[in-house]
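Peer 1: One-letter residues, chain by chain:
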Amino acid sequence: MEIIKPGTKIPFTRYRYIAIFLSTAVNVAVIVLLLVKGPILGVDFAGGTVLQLKFQQKVTIPELRAALSGLGMENNVVQDFGQEGSNEFLIRLDKTSVQLSDLGERVRKGLGQKFGADKFEIRRNESVGPKVGEDLRRQGIWSVVAATVMMGVYIWVRFGASFGSRFGLHFGLGAVIALIHDVLVTIGALMLAHYEFDLTIVAALLTIVGFSVNDTVIVCDRIRENMRKIRRESLESIINLSINETLSRTIITTGTAILVLLGLFVLGGGVIRPFAFALLIGFFSGVYSTIFIASPVILLWEKGKKS
Amino acid sequence: MQRGVLIRLTIFLVLTFAALLYLTPTFVSALPSWWGEYFPTDRIHLGLDLQGGSHLVLEVKVDKAVENTLERIKGELNTLLKEKGVVPSAVERVQGSRIELKVPSASGDNVRSLLRSEFPNLVVVSTRSGQGTMDFVLGFQEKELRSLKDTAVDQSLETIRNRIDQFGVSEPIIQRQGDQNILVQLPGIQDPERAKEIIGKTALLEFKLLDETHNVEEALRNGPPPGTQILYGYASKGDGGVGKEQVPYLVEARTLMTGEYISDARVRPSSRLEGPYVELILSSSGARLFERITAENVKRRLAIILDNRVYSAPVIQERIGGGRASITGSFEIREARDLSIVLRAGALPAPVEIVEERTVGPSLGRDSITQGVTSFIVGGSLVILFMAAYYKGAGLLADAALLFNILFLLAVLAGFKAVLTLPGIAGIVLTMGMAVDANVLINERIREELRAGRPPRSAVEAGYERALPAILDSNITTFLSGVILFQFGTGPVKGFAVTLCVGILTTIITAVYLTRVYYDYRMAARKLTRISV
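Protein chains in written order, with the numbering used here: chain A, 1 to 307; chain B, 1 to 533.
Keep in mind the hints are simulated off the structure, nothing from the lab.
Keep in mind that a hint or two might mislead.
Here are the computed lysine-lysine pairs in the DSSO-like style, where the Cα-Cα straight-line distance is at most 27 Å [what the hints assert, rightly or not]:
#1 A:Lys119 - A:Lys58
#2 B:Lys74 - B:Lys102
#3 B:Lys392 - A:Lys5
#4 B:Lys61 - B:Lys149
#5 B:Lys102 - B:Lys82
#6 A:Lys37 - A:Lys131
#7 B:Lys74 - B:Lys143
#8 B:Lys392 - A:Lys9
#9 A:Lys131 - B:Lys143
#10 B:Lys64 - A:Lys131
#11 A:Lys58 - A:Lys114
#12 A:Lys131 - B:Lys149
#13 B:Lys143 - B:Lys64
#14 A:Lys131 - B:Lys61
#15 B:Lys74 - B:Lys149
Some, not all, of what chain A presents toward chain B, calculated at C-beta under 10 Å [unchecked claim]:
#16 Ile155
#17 Ile208
#18 Gly210
#19 Asp221
#20 Ser248
#21 Thr256
#22 Ile258
This structure is a prediction, so every number in the text was calculated from the model and none was measured.
Heads up, the beta-carbon is just placed ideally off N, CA and C, and yes, glycines get one too.
Using the sequences plus the hints, can you model the full thing?
Peer 2: Structural data, given as structure tokens:
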């Protein structure tokens with residue numbers, strides 16, 4: 001079976017200006033969205049408390065909200081969680097509502113009086129103090145930045161060693177720009193889908209950085225190989241040839257990863273779903289950015305050098 | 001057959017056998033008794049999010065420990081100065097960690113030498129002479145301050161460890177985190193609220209005399225008279241704390257004795273007259289002190305105060321010898337037991353605050369395992385079917401490598417006592433999706449070489465050789481970001497980093513070398529005339 005027929009020659013680099021325009025527009029939009037609206041921060045980063053409750057009887061969200069407000073927790077957000085009709089809820093409480101340490105107990109008692117003490121179960125309680133949240137937020141941002149820079153340096157050194165440091169640097173920069181693009185696209189998609197940002201999202205972003213750079217490495221590897229083999233062709237056609245030759249690998253590898261991610265997204269449960277969603281978007285974006293961002297950046301750089 | 005191939009085959013058989021051995025305890029529940037003598041018995045450890053339990057981060061209020069020490073020094077200073085005949089006009093704690101001392105100018109030199117000989121860890125920050133007085137501002141040296149805080153955290157950790165040991169939790173994790181935090185993990189705990197109560201209690205026990213010369217109501221209105229303070233107790237105890245009535249007590253500020261003299265604390269069962277109570281057994285010096293206190297204050301009321309809450313204030317009927325005291329206070333038996341635990345383990349040198357808590361109930365953990373395993377099976381099957389359909393023979397080979405990959409991955413987790421979390425399971429699922437990348441790279445290369453007209457044998461050789469750098473590159477980059485994630489992450493996320501990184505190592509072993517052994521074996525047997533890819 002073959003998805004991409006051998007000898008396929010799609011002139012990807014021809015679309016580079018459209019791609020660069022489109023991607024820049026999307027990235028700028030995400031940055032604006034980040035600055036203006038800001039991401040929805042989960043308790044990991046914002047501080048506060050999340051409780052996951054499961055009731056035996058049917059309980060509606062307004063009932064639950066009213067009950068919590070009666071306990072002095074007016075700043076609450078109640079969401080359905082789990083499957084339809086499972087009477088499972090996620091309750092988000094503001095950090096300022098009550099002190100962390102006895103919050104679980106207060107909810108247990110207060111709701112117990114209203115709904116019956118043995119009629120529900122607190123299945124999960126995650127509370128993060130504001131200071132811890134701030135630390136985690138800072139570390140989270142740094143780890144994504146560090147990983148991105150590290151990938152750039154790795155490629156620079158890796159290709160610079162055998163290829164001249166100037167070329168290595170261009171490959172590295174191309175890869176970093178593609179990675180920034182992937183991370184931004186993923187962040188934008190998460191914001192549009194109203195997912196909260198928490199530690200698992202940072203894990204997803206780091207995985208995207210590590211995985212998405214693979215495609216770039218593979219293509220760069222092929223560009224390097226073809227540049228040795230074919231001397232007469234222009235850089236543009238060598239880049240095109242290389243992207244085409246590695247295209248079926250790119251699609252299949254990302255495809256199998258997406259197969260398992262779909263499994264996780266559908267069957268993995270509420271904690272894993274946002275994580276799987278982020279990876280799905282990031283991996284798709286990774287394929288696009290390798291083809292339309294990383295390679296053209298290398299090309300533009302080389303052309304700029306010559307003129 | 002070539003020797004090289006034979007050796008590599010043997011290595012793989014040994015590895016597989018070892019992996020199976022390491023995984024046996026995880027999947028076989030009833031192991032024969034002789035197993036443990038020869039073979040590994042560690043199961044794959046489940047994280048708190050899968051087996052249920054509590055993850056707590058406590059911040060030790062170290063500044064409070066410094067203040068407490070200064071208070072004590074202040075007291076000692078006062079006594080010593082009086083012994084030397086110096087009457088200080090003021091000894092105050094100022095700015096949190098400083099002591100201001102005002103003495104008559106005449107005794108300035110005297111005080112200076114006293115400070116030097118008796119309080120070597122204090123430094124004179126500044127001095128100022130006023131009208132007939134000399135002011136000293138005293139503080140700790142920076143090094144001293146740091147070691148004071150450090151000790152407070154270490155002591156808190158020890159105390160908390162003692163409490164948890166007595167509470168009875170299997171395989172708890174208690175360790176320092178950063179400068180002033182303590183990480184506590186309690187797997188499989190049934191009643192997290194109670195555990196938090198026991199861990200977080202400062203448990204500072206104090207004996208103070210009740211001030212009966214002044215009126216409590218008046219003190220409430222006009223503020224307590226000098227040398228006294230108002231503390232509260234609870235009149236009756238409702239069900240665990242809701243709607244309890246507070247009763248004010250006027251007590252002398254001076255502490256006669258603290259809980260440090262306790263050598264043991266036991267719950268005494270309820271009798272017909274009263275509920276269960278906690279009996280304290282004092283150390284020998286504590287017993288002497290207690291005897292003196294009671295002898296000096298017969299007919300007065302002695303308040304027993306825990307963490308600034310008055311538990312009871314009985315009248316001292318007579319001198320009490322023998323070193324036994326009791327705390328009554330209409331306890332439930334459970335409350336009395338918890339109290340005895342914290343009293344036995346000792347007080348925390350400073351209050352602690354819970355700054356992070358993650359508790360998962362056991363039923364949610366079970367659900368998460370089910371969901372994780374289901375997505376593992378479904379995702380894995382999809383990949384296996386796809387590979388077989390797309391690459392036929394070579395796809396089946398990749399599938400076999402994938403199964404070995406998972407086997408080795410799990411064995412490494414069991415062997416290295418790594419913790420498997422829900423994101424960790426997601427990491428294994430993701431590994432299956434990404435591991436085949438190596439085989440895809442190899443197979444695509446082999447196809448290219450075959451199209452270029454090479455015979456199968458050299459196509460396979462060139463395929464492996466040329467794909468290898470790309471495979472290594474792409475795995476190294478993912479591994480690097482996994483390492484960063486491991487550095488950054490906490491708990492469950494760390495579990496993801498672990499499975500991701502281990503998965504990459506096992507992928508290189510299985511997807512590259514294991515499949516290569518198969519081809520080499522066929523080449524050695526001179527059967528590689530046609531290949532299915």
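Peer 1: Does each hint fit the structure? Answer for all of them.
Peer 2: Status of each hint after checking the structure:
1. A:Lys119 - A:Lys58: Between Lys119 (chain A) and Lys58 (chain A) the Cα gap is close to 10 Å, so the pair holds against 27 Å.
2. B:Lys74 - B:Lys102: 12 Å, holds
3. B:Lys392 - A:Lys5: Distance of about 17 Å is within 27 Å: holds.
4. B:Lys61 - B:Lys149: This hinted pair holds, its Cα atoms lying about 9 Å apart.
5. B:Lys102 - B:Lys82: At roughly 13 Å apart (the allowed maximum being 27 Å), Lys82 (chain B) and Lys102 (chain B) satisfy the hint.
6. A:Lys37 - A:Lys131: 23 Å, holds
7. B:Lys74 - B:Lys143: Given that 27 Å is the threshold and the Cα spacing comes to 20 Å, the pair holds.
8. B:Lys392 - A:Lys9: 26 Å, holds
9. A:Lys131 - B:Lys143: Distance of about 26 Å is within 27 Å: holds.
10. B:Lys64 - A:Lys131: Holds: Lys64 (chain B) and Lys131 (chain A) sit about 18 Å apart, inside 27 Å.
11. A:Lys58 - A:Lys114: Status holds; Cα separation ~13 Å.
12. A:Lys131 - B:Lys149: Roughly 19 Å between the alpha carbons, so the hint for Lys131 (chain A) and Lys149 (chain B) holds.
13. B:Lys143 - B:Lys64: With Cα atoms ~17 Å apart, Lys143 (chain B) and Lys64 (chain B) stay inside 27 Å; holds.
14. A:Lys131 - B:Lys61: 14 Å, holds
15. B:Lys74 - B:Lys149: 18 Å, holds
16. Ile155: 8 Å, holds
17. Ile208: Cβ of Ile208 (chain A) sits 9 Å from chain B, so the hint holds.
18. Gly210: Hint holds; Gly210 (chain A) Cβ to chain B Cβ min 3 Å, cut 10 Å.
19. Asp221: This hint holds: Asp221 (chain A) lies near chain B, its Cβ roughly 5 Å from the closest one there, short of 10 Å.
20. Ser248: At 6 Å from the nearest chain B Cβ, Ser248 (chain A) passes the 10 Å test, so the hint holds.
21. Thr256: 5 Å, holds
22. Ile258: 7 Å, holds
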